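*Asks:* Sequence:
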Amino acid sequence: MGRRSRDDGEAWIAVELRVPRWAAWCAAVGLLLMGAAALGGVTVLTWAVAR
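Counting in this note's numbering, the sequence shown runs from -10 upward without gaps.
A couple of the hints might just be wrong.
Computed beta-carbon distance windows for the label pairs [claimed, not checked]:
1) Leu21 <-> Ala0: 24 to 32 Å
2) Gly24 <-> Ala3: 20 to 28 Å
3) Arg7 <-> Arg40: 49 to 57 Å
4) Leu6 <-> Leu28: 24 to 32 Å
5) Arg7 <-> Ala37: 43 to 51 Å
6) Met23 <-> Ile2: 20 to 28 Å
These aren't lab readings, by the way, just hints derived from the structure by calculation.
Keep in mind it's a predicted model, so treat the numbers as computed, not measured.
We put the beta carbon where it would ideally sit given N, CA and C, even for glycine.
With the sequences and hints as input, model every part of the structure.
*Replies:* If you want it as structure tokens, here you go:
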């Protein structure tokens, strides 16, 4: 918790996941691909509306 007081209005939640390294990499790559797809979708929609 460090040196923070208990009444500072912040909640600290620690989550420990025990997963294989390959699973963590797959999740990270999947999140990056989904983010890129979302950004691409927004870009295409913006371009289509602007035409």
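*Asks:* Does each hint hold? Answer for all of them.
*Replies:* Now the hints, each set against the structure:
At roughly 28 Å, the beta carbons of Leu21 and Ala0 sit within the given window of 24 to 32 Å. Between Gly24 and Ala3 the CB atoms are about 25 Å apart, so this pair conforms to the stated range of 20 to 28 Å. Taking 49 to 57 Å as the suggested C-beta distance range, the pair Arg7 and Arg40 conforms, at roughly 50 Å. Between Leu6 and Leu28, the C-beta spacing of about 27 Å keeps the proposed range 24 to 32 Å intact.
At roughly 45 Å, the beta-carbon separation of Arg7 and Ala37 lies within the given 43 to 51 Å, and the hint holds. Against the hinted window of 20 to 28 Å, the Cβ-Cβ separation of Met23 and Ile2 comes to about 24 Å, which satisfies the hint.
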